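Engineer: Below, each chain spelled out in residue letters.
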Amino acid sequence: MTVDKVVPSAEAAVADIGDGATVMISGFGPPGQPDVLIQALLDSGVGDLTVINNNAGAGGKAISELFAAKRVRKVVCSFPKAIGSTVFDELYLAGEIELELVPQGTLAERIRAAGVGVAGFYTPTGYGTELAEGKEVRVFDGRPHVFERPLFADFALVRAHRADAHGNLVYRKTGRNFGPLMASAAEVTVVEAGEIVPVGTLDPEVVVTPGIYVDRVVLGTEEGR
Amino acid sequence: MTVDKVVPSAEAAVADIGDGATVMISGFGPPGQPDVLIQALLDSGVGDLTVINNNAGAGGKAISELFAAKRVRKVVCSFPKAIGSTVFDELYLAGEIELELVPQGTLAERIRAAGVGVAGFYTPTGYGTELAEGKEVRVFDGRPHVFERPLFADFALVRAHRADAHGNLVYRKTGRNFGPLMASAAEVTVVEAGEIVPVGTLDPEVVVTPGIYVDRVVLGTEEGR
Amino acid sequence: MSWSRHEIAARAARDIPDGAYVNLGIGMPTLVADQVPAGKQFILHTENGMLGMGRAAAEDEIDPDLINAGKIYVTEEPGAAYFDHAESFGMIRGGHLSYCVIGAYQVSQDGDLANWRTTSSTVIPGVGGAMDLAAGTRHVFVAMDLFTRSGECKLVRSCSYPLTATRCVERVYTDHGVFEPAQKGFRVVELADGVAIEELRERSGLDLVDAVAA
Amino acid sequence: MSWSRHEIAARAARDIPDGAYVNLGIGMPTLVADQVPAGKQFILHTENGMLGMGRAAAEDEIDPDLINAGKIYVTEEPGAAYFDHAESFGMIRGGHLSYCVIGAYQVSQDGDLANWRTTSSTVIPGVGGAMDLAAGTRHVFVAMDLFTRSGECKLVRSCSYPLTATRCVERVYTDHGVFEPAQKGFRVVELADGVAIEELRERSGLDLVDAVAA
Chain A
1 MTVDKVVPSA EAAVADIGDG ATVMISGFGP PGQPDVLIQA LLDSGVGDLT
51 VINNNAGAGG KAISELFAAK RVRKVVCSFP KAIGSTVFDE LYLAGEIELE
101 LVPQGTLAER IRAAGVGVAG FYTPTGYGTE LAEGKEVRVF DGRPHVFERP
151 LFADFALVRA HRADAHGNLV YRKTGRNFGP LMASAAEVTV VEAGEIVPVG
201 TLDPEVVVTP GIYVDRVVLG TEEGR
Chain B
1 MTVDKVVPSA EAAVADIGDG ATVMISGFGP PGQPDVLIQA LLDSGVGDLT
51 VINNNAGAGG KAISELFAAK RVRKVVCSFP KAIGSTVFDE LYLAGEIELE
101 LVPQGTLAER IRAAGVGVAG FYTPTGYGTE LAEGKEVRVF DGRPHVFERP
151 LFADFALVRA HRADAHGNLV YRKTGRNFGP LMASAAEVTV VEAGEIVPVG
201 TLDPEVVVTP GIYVDRVVLG TEEGR
Chain C
1 MSWSRHEIAA RAARDIPDGA YVNLGIGMPT LVADQVPAGK QFILHTENGM
51 LGMGRAAAED EIDPDLINAG KIYVTEEPGA AYFDHAESFG MIRGGHLSYC
101 VIGAYQVSQD GDLANWRTTS STVIPGVGGA MDLAAGTRHV FVAMDLFTRS
151 GECKLVRSCS YPLTATRCVE RVYTDHGVFE PAQKGFRVVE LADGVAIEEL
201 RERSGLDLVD AVAA
Chain D
1 MSWSRHEIAA RAARDIPDGA YVNLGIGMPT LVADQVPAGK QFILHTENGM
51 LGMGRAAAED EIDPDLINAG KIYVTEEPGA AYFDHAESFG MIRGGHLSYC
101 VIGAYQVSQD GDLANWRTTS STVIPGVGGA MDLAAGTRHV FVAMDLFTRS
151 GECKLVRSCS YPLTATRCVE RVYTDHGVFE PAQKGFRVVE LADGVAIEEL
201 RERSGLDLVD AVAA
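Residue numbers (the UniProt record's numbering), protein chains in the order written: chain A, 1 to 225; chain B, 1 to 225; chain C, 1 to 214; chain D, 1 to 214.
Among the hints, a few may not be true.
[Stated by the list, open to error] Simulated coverage check for chain C against chain B, where a stretch passes if three residues somewhere in it have a Cβ under 8 Å from a Cβ of chain B: (1) 26-36; (2) 72-86; (3) 95-104.
[As the list claims (entries may be wrong)] Residues of chain B clear of chain D, computed beta-carbon distances all greater than 12 Å: (4) 16; (5) 91; (6) 109; (7) 116; (8) 130.
No wet-lab data here; the hints were simulated from the structure.
This structure is a prediction, so every number in the text was calculated from the model and none was measured.
A virtual CB, placed ideally from N, CA and C, is assigned to each residue, including glycine.
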């Protein structure tokens, strides 16, 4: 069979995401956020989710609704504070959501580590701060480093600019952000693409995410938001 | 001043590489090997080098000559065996060159670690083999992993397909290999490009090595070899 | 006469060399981009995946996929490059960014930085890329007012707010002058016209070493 | 009648599912690319930075920048992608490659693999990507002759040659049949026509469990 990862609908693409799942969602602010997949997740009624997304409640309208609907038990992110939205703030201050705050670069590197089979790494970031409390510290070349573990997910929902049926992806400008990393770190990677192009039309030299990381491709809106 | 990293000659670009320097050289086989820079290094008369290059003596004509001229004290590589060349073999069997053999993926990840400021990482590769002898082993999720440290260099000599004066680089096909990693892991990165194009003509979306990693750019031959 | 926000930014920009790769934090640090001295070129990094960032986008230049770390629409300079977050923070952590200019709640005389959260329990914590920038950038500059609105000095013997990183700040640019953490106090590198070091000593209670060039 | 090299490759190809991402080692494993069963598509990975590798290049198709890990000129399939070595081995180490087919000097009943060096002191050691592929790929298949030219069995209780990785081999495809490491011996999954399991037991001295499907 010719490899074809295109799925007819966002609904079908997220149908096996169950209660309690850990879900990575790409995006830094609105760029790169898979709005259509998030909406499908919301419509599916699934709950008790752990969401890994850099901005959580501050990420834009679609992801905010996931919080407002109380579908999220725990968030792993670097910056949940929303400008112009109090959804996350209220849940957090009421103790209704768990927050694991991770420095942004450590978040990115932990997701990458999961993707590339690295079981842990030492970073200088966070040393001496409350975000490193309880973590192993080791000195290399006179400098203390913090030990960090990989961050995996059951599902990754990723927004791409263009995709082909093999799952090869390209992104657009700052919409790239966490997409390529998350695509590699989840058991199942679902992609929403602004456009689906025939296999062979993406220049192999400029493919950012090779299809090996991608399980399903859905046609999203032309604009990500 | 407008940023301009273009250097008039390969000779000038490698002039400060001194005896005893550690030099990374890009390339997997001939593709991606900076022949013009290697030739300039050879012409400079420098010696006692530590060379980090995946194929060492098997990398092609230019790099073989560096070994034949006995300029290399130590090699860090994954595969030094040359087909059709005995230069490295003779030096090695005569005890005239030191060899640090590293699994190819570990070599790549160690070079990347140097570039991204990761002080060490755990990999399953090599566990239980003689290449992991003496290395720290730690079990994660029931699986033993080997601890590996970053690999830095004083200089990186990198072959690119196209460069601009900011040092932005694109590569061509399997000529990419170690180039982007090495560019990030050396104190000074010198690039030989098949073509130097005006700043602003490389699509920002397809730049593989951003100029921040590059110190000098030299015009090479149109073909890498 | 204390310096204006633009003057603080301009003073920091003067100390950044031509050709530097620079990350500018939200707020006052952003103003550095408008104060690049004639004859210099800075290449701006934004941690959400771009080098060669340009100025803020005018209304008709807005591209919904092109924002900076403060989520402001920006433009693209010739020679720009986009990349993912692992690459972007690899650049930072790996020491490739030569300068960052960031805001602060407090800077200690050891060079410790506190700029990501106060001790208020009603404020949502959010760290973003602050810890990475502070720990990774080669030269960490702080741009801030010297005193809070309630009059407390933000240069301190020891930070009372949660730390962002230890021993990282190289210089602090403020409305009253330029300071350097010096272990037992701060070196005063420059003072705004009319600011007396003695008065600052009294207000801050700090050991200030006069290092103003004659 | 023992199987030919092409038959061994074809037998391995039969066990690789449609749509698999596959890395093929140098020598006999390379032949798997020519034995893809009708109705299946494999996407080939070469560790020097490519997915969607095609067949060997004909004389007039040679591109000096397009080689495989064995340094043979190859071609590019539609849907291909190029990447650097960190990404290429991240794919391997991260378990994204579903299958690799590699050669071996020895495979032990524990699934240990020895395929990167002999114990000869006059041979230059070179490991390449062998350890990464063996440790990282989800399903590690070996394709080899069952006996060396001097008649020693390459399936062993315990490897005498230096190891490439421990407990990694899932199946071994040989000229005499298909075997699976089974801790206390090997499971015999299939035998070439005319090969008797009793004879193999005698020649190898191994505990061979008959698991040939009726």
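Engineer: Each hint: holds or not?
Structural biologist: Tested hints:
Here the stretch 26-36 of chain C counts 0 residues with a CB under 8 Å from a CB of chain B, which misses the bar of 3, and the coverage is violated. Only residues whose beta carbon comes within less than 8 Å of a beta carbon in chain B count, and the stretch 72-86 of chain C has 8; three or more means the coverage holds. With 3 residues carrying a beta carbon less than 8 Å from a beta carbon of chain B, the stretch 95-104 of chain C meets the three-residue requirement, and the given coverage holds. Every Cβ of chain D is farther than 12 Å from the Cβ of residue 16(B); the closest lies at roughly 27 Å, confirming the non-interface assignment.
Separation of residue 91(B) from chain D is inadequate, the least Cβ-Cβ distance of about 10 Å not exceeding the 12 Å criterion. Listed as a non-interface residue, residue 109(B) fails to keep its Cβ farther than 12 Å from every Cβ of chain D; the least gap is roughly 6 Å. With a cut of 12 Å on Cβ distances, residue 116(B) falls inside the contact zone with chain D, its closest approach being about 10 Å. The beta carbon of residue 130(B) sits about 5 Å from the closest Cβ of chain D, which is not more than 12 Å, so the claim that it is off the interface is violated.
Against the hints set out earlier in the document, violations occur for numbers 1, 5, 6, 7, 8.
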